[in-house]
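Student: So the chains spell out like this:
Protein chains: 4
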Amino acid sequence: MNTFDKQVMHVGEMASGAKLTVPIYTYKCQQDVSTNNVPSVYIQANMHGAEVQGNAVIFQLLELLKYCDIQANITLVPYANPVACNHKNGEYTLGRFDPITGVNWNRMYHFDESAITPFAQLNIESHEDEIKQRFQHLLLSQIEDKLDHNIWGLTTGQRIAYQLQRMAHQADLVLDLHTGPISSKHLYCPEYAQASASLFDIAHTILIPNEFDGAMDEATFCPWWHLQQVYQKLGRHFVMGEGIFAKESFTVELGSQEQIDLAVAHQDALGILSYLQHKGVILKQVQGFRPKNITRYACYLKDYKALYAPMGGMVDYLAEFGKPLPAGEPLARILRMDNYGDGDPLHHVSLDRQVLPILHFASASVNQGTELYKVFSDYFEL
Amino acid sequence: MNTFDKQVMHVGEMASGAKLTVPIYTYKCQQDVSTNNVPSVYIQANMHGAEVQGNAVIFQLLELLKYCDIQANITLVPYANPVACNHKNGEYTLGRFDPITGVNWNRMYHFDESAITPFAQLNIESHEDEIKQRFQHLLLSQIEDKLDHNIWGLTTGQRIAYQLQRMAHQADLVLDLHTGPISSKHLYCPEYAQASASLFDIAHTILIPNEFDGAMDEATFCPWWHLQQVYQKLGRHFVMGEGIFAKESFTVELGSQEQIDLAVAHQDALGILSYLQHKGVILKQVQGFRPKNITRYACYLKDYKALYAPMGGMVDYLAEFGKPLPAGEPLARILRMDNYGDGDPLHHVSLDRQVLPILHFASASVNQGTELYKVFSDYFEL
Amino acid sequence: MNTFDKQVMHVGEMASGAKLTVPIYTYKCQQDVSTNNVPSVYIQANMHGAEVQGNAVIFQLLELLKYCDIQANITLVPYANPVACNHKNGEYTLGRFDPITGVNWNRMYHFDESAITPFAQLNIESHEDEIKQRFQHLLLSQIEDKLDHNIWGLTTGQRIAYQLQRMAHQADLVLDLHTGPISSKHLYCPEYAQASASLFDIAHTILIPNEFDGAMDEATFCPWWHLQQVYQKLGRHFVMGEGIFAKESFTVELGSQEQIDLAVAHQDALGILSYLQHKGVILKQVQGFRPKNITRYACYLKDYKALYAPMGGMVDYLAEFGKPLPAGEPLARILRMDNYGDGDPLHHVSLDRQVLPILHFASASVNQGTELYKVFSDYFEL
Amino acid sequence: MNTFDKQVMHVGEMASGAKLTVPIYTYKCQQDVSTNNVPSVYIQANMHGAEVQGNAVIFQLLELLKYCDIQANITLVPYANPVACNHKNGEYTLGRFDPITGVNWNRMYHFDESAITPFAQLNIESHEDEIKQRFQHLLLSQIEDKLDHNIWGLTTGQRIAYQLQRMAHQADLVLDLHTGPISSKHLYCPEYAQASASLFDIAHTILIPNEFDGAMDEATFCPWWHLQQVYQKLGRHFVMGEGIFAKESFTVELGSQEQIDLAVAHQDALGILSYLQHKGVILKQVQGFRPKNITRYACYLKDYKALYAPMGGMVDYLAEFGKPLPAGEPLARILRMDNYGDGDPLHHVSLDRQVLPILHFASASVNQGTELYKVFSDYFEL
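Protein chains in written order, with this note's numbering: chain A, 2 to 383; chain B, 2 to 383; chain C, 2 to 383; chain D, 2 to 383.
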């Protein structure tokens, strides 16, 4: 039976001095991983406070990995952001941003594009393994600089993000477990890694460009993608996603926020293991983990559209997730009792094109301009 | 087709001066109701901000009542508390209390017990109809005093509550439409009105004593119950729930908060109409509205128990609402990933007695001491 | 130099499992206090989250007590409520109530009046010291029961309150350090202890009746006051505030919330030491601590009035704290720019009687019905 | 006496259907302004909810402008963002961002740089007045497109921002009235308009580069600055700040949030009038409005530094605003009572360089990583 090491990382302090910590579970492969080029894996959950199902998935992964033949280093981090995770606001958990500044907790990672070209120029002739090792070292030393040498200090979120990123930079495969508000399961996948999207048991994939917008997935694959591009320009050719560039990062949206379901988490964990097995993290066994035989849809990020409430009111969400909705069919109807008798008490919201509904807002009560639904507006089968 | 009159009541102002109003729909019986002793009805919804389904029920009641033979005066008030209804706190609606003071919006109604005995003494010989008329007048004038003659002013919630109570005091049958957090349907019913609980399509009834704790239902039946008691002591006998004391008030819990479902609201409205038809508010028609043939459970308020989280953590709620849960069976399991590896990552919560689960907390994330479940701990069939 | 012992009490857990603890500083008198009847003292701070100045006062008390001749047992508890203290809501600290339930953190203490009469009857002939010891034991065992033997669990606030009350019940003198929103210093003092109000350097005293409403001060003096009353009825006469009934509890309001000022805290600590010295907690030294020579005003709780905003708007608070405001003079003016040009853009708020303004609301932006000011409406010099 | 026209603009709807409106006060110059090249002015206040003093300044401007000789069109908009202005969160106003999305209300304005070069190429030979008129028309039509032709709808904040920007684009001089948390008065001034900074009665100026980051000031001057730059490249020379490019926009920080003071607002209004008089908006009169004779400091935006809390705790803010603080002197001390007795209960925060403190956080209670102070770290006299 495999056992995971446990450590505790200090990431914050509250006004009373209470320390906020993150538990870290690591499995060190007994073989020398670096010489074997077997991947190392980093999985975190609950960077957004209300998105808790990933913690249950990590629980189930730990339970299942006990009996797998592991060929990799694995780091599992539940409760990645205890500040967000503990920020109750009334009955609910304030989810997605620092409540003091409004900055999204998943937009605080570091990437300095300006360091890429000098690195490639300096290492234009280096051996592949040296490139990998040195570039990883560069990424890590940038993070260390951020954490240690700053007279002005770090924001609450940077302190957490950089400590997580330090671990993620040491991995080849990175999974950041999130959820939507009320949501189907969906996957954010870099365009170059599209083939991997079918290894998960997730029916909806958003293909994201190779640009950095502050999120964990981007923060871990963008540096390598940019490095590969610069080498390309300098005349040395690598394939992104292969060899030393076999780096993949995904944001896995596990369904709805504010919920833990351990039975569903077991299914979620099996889906992740089918991906990890394909990548050689665990050896195929008699039974193995296989992706389910489901129809998978994908769209490009530019076609993943938010629809905003055309009026304030109370919303009866009608459109089912993952089921194509024809043009003109109502996504939702908005109740406006103040208009009963002398106006229109029910307003139907529809679109002029077929869409695939993915998620909707967490509450029936909306202001004018609240994001009602997110949909695939132009999509295709994977 | 019956038409309801619409009025707009001004109940508050925000910092920008924006006025908050409540729409009021009234139907005046063409016959002289007072001489016929046909009941008058008051139904309100959304006193708690997140409890919005009642608005949809009022919509469906208005649609259904168009074609009923109405023998009563009816007042319907959706959005009863626009301050609460509009108080979004992040994605969710801050539900149950004034966010500045913490006072429950449904604990601000008025009842002055000290006025009962003098009234009864003064009217010990009066004719029944005079008693009814004068006592109602007393209740209304107390409210008017509160609203108009107070140099220190009124709290935000009192201003709303008193304006609603002014309308409710003019009714014989009062329904206050609420919801639980994540909840089955259930009914708060005064002990003396137990027979009426079976007229609704609601499987769970909490029988409340005849004491005033500030809520709308109590504020409307308690004065009459106390009056009947005082007359009893003074030697004049009336039966509570009959004749001029045919006063009933219920808090109807329609299910879960933060949701609107117009199809379910149609069903909810049918259930309410079966009660109203039984009370003579609408005449029985060929089809009529009949209570459903379901098993109905009740418990006394003292046996309606809250179970508090024995630890902080993330909760997988297991117990189904309305299904008896044997002693020792888990209501929930609490995930504590920080204990994985060197403690107990899963804690099962159970009780030493059979209970009937009614509702649970709205989020998986709980602090130690958060109310997890509310259950009937000692219950019986109605 | 006196040294205080430090212990850490576990009072709560958050969703991530993070433990919330309270530091406790105790000084044990080397003499046997119980035989000497020298008082024991309990001082806590920050039960309400935003009311932090008391922590600084406890810091200064600890610094000053190092060099005093202490003749008592002393327990000092800063950060008494780490749940509230850490509950930031945007930039500010959500102060006065459990953000999930709305219940005021300082209304959760325990008092069971029904136990008093049986106790007095059983101990009608007992020796004074036995009465004191046994009654204290009764109070403590009630708290232990609450903490340990409850299958339904405790709310978040009860768990904290009962653990604090367990310590407070062992003291003769209890100070609960609070602040107002934007506020002058003022003192809540039981009516029977009025003479002690002049021992503090606080110009405004509210004299509270001997009734229990859930607060710490009441929870510690009410049991003894009721006991003395019951003995009185049973024919045995004690004087409240003397002998074994030398119990005093105060809520000390140190000024405005959301602020720490260590220099002011030093002054606040000197004022508390002048009270404690008078009570024999510290021996009078050459210099000693003497109450300042200031005019002190008092009013009864019934005359401590809140004035609610007659409209929504933005408030320019005009009335100075602690300075009598003649009838008709404006307390505040409310700006309503939406009325400029076609209405009244400035509304002056005044009263028909002279008052002594004590505190006002924390923000300029108010809804209709927000508490604007609290004032002494009928007051006298102490 | 001059009179301002009043209009009401509908900018949002809440869940109950309550409409949120903004009052707009306009003065139309009787002379034909366009032919005289006298400026038109746009001033708004309260885009951030807690930053209310600007409303009082607009009140005082309206009062003062009644008796001025106005030579311009003037639009004054208090309560610019009623969604934010009415969003109370407990006692305080949630200030700076959409509480659902976390997006700063003052980062939602529109600027499309890609339209500049085509416009300049098309209008390379046009007469100055035509350029001004056509470019303004282009900016306005972009805003109209955003407001009217979007099947996906607008966010709550965009709907407000675009409606305000439509007015601001028609002005030459734009003032956006804000405040800091607890703050000195300071001014955000475009680098090219540095000379104007001395016309206000504000001691501290931050000189911002000509880049668009979403704010109102940038949204109104950046298009013109970019246009001037493109003309420069195309060989036609204009001077930014002169002629048709006499466009200036400032963010005026009036002090601390959550406060209205009408007397201070009168002073603030006089300072603004001294700027407007200098720009020819009002004719110089016998007395006139003159900038005060004070020392004015400025720094570049890159040198306007935030200092983050190195630990959680409770902060005694020591450094005075506007007074140079030598290297090594404490800005603040952080109280950590949990460390008393076995650690360091007071941590002093200082810097290794002289700074000019401008503002600090609104509460004493801070998490590790909260922004404590903002300071000029490298500054000079204007």
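Think of the hints as simulated: they come from the structure by calculation, not from any bench. Check the hints yourself; a few may be wrong.
Note: identical chains are not told apart, hence a pair may lie in one copy or across any two.
[Stated by the list, open to error] Quick list of in silico lysine-lysine cross-link-like pairs, DSSO-like style, CA-CA up to 27 angstroms:
#1 Lys234 / Lys29
#2 Lys20 / Lys303
#3 Lys303 / Lys147
#4 Lys7 / Lys20
#5 Lys280 / Lys20
#6 Lys67 / Lys234
#7 Lys67 / Lys280
#8 Lys285 / Lys306
Student: Have a look at Lys7 and Lys20 and pick one of within, between, both or neither, based on CA distance no larger than 27 angstroms.
Tutor: both (18 angstroms within a copy, 18 angstroms between copies)
Student: Go through the copies and call it for Lys67 and Lys280: within, between, both or neither, with a Cα cutoff of 27 angstroms.
Tutor: within (18 angstroms within a copy, 65 angstroms between copies)
Student: Within a copy, between copies, both or neither: which one fits Lys67 and Lys234 at a CA-CA cutoff of 27 angstroms?
Tutor: This pair counts as neither: shortest intra-copy Cα distance 45 angstroms, inter-copy 66 angstroms.
Student: With 27 angstroms as the alpha-carbon cut-off, assign the pair Lys280 and Lys20 to within, between, both or neither.
Tutor: The answer is neither: 37 angstroms in one copy and 39 angstroms across copies each exceed 27 angstroms.
Student: If the cut is 27 angstroms between Cα atoms, do Lys285 and Lys306 qualify within a copy, between copies, both or neither?
Tutor: Neither way: Lys285 and Lys306 sit 39 angstroms apart in one copy and 51 angstroms across, limit 27 angstroms.
Student: Is it within a copy, between copies, both, or neither that the alpha carbon of Lys20 lies no farther than 27 angstroms from that of Lys303?
Tutor: So Lys20 and Lys303 fail the 27 angstroms test inside a copy (41 angstroms) and across (33 angstroms) alike.
Student: At most 27 angstroms between alpha carbons: which applies to Lys234 and Lys29, within, between, both or neither?
Tutor: Close neither inside one copy (37 angstroms) nor across copies (59 angstroms); limit 27 angstroms.
Student: Checking an output row: Lys303 and Lys147, CA cutoff 27 angstroms. Within, between, both or neither?
Tutor: Cα proximity of Lys303 and Lys147: across copies only (18 angstroms, versus 32 angstroms in one copy).
Checked against the numbered hints listed earlier, the structure breaks hints 1, 2, 5, 6, 8; every other hint is satisfied.
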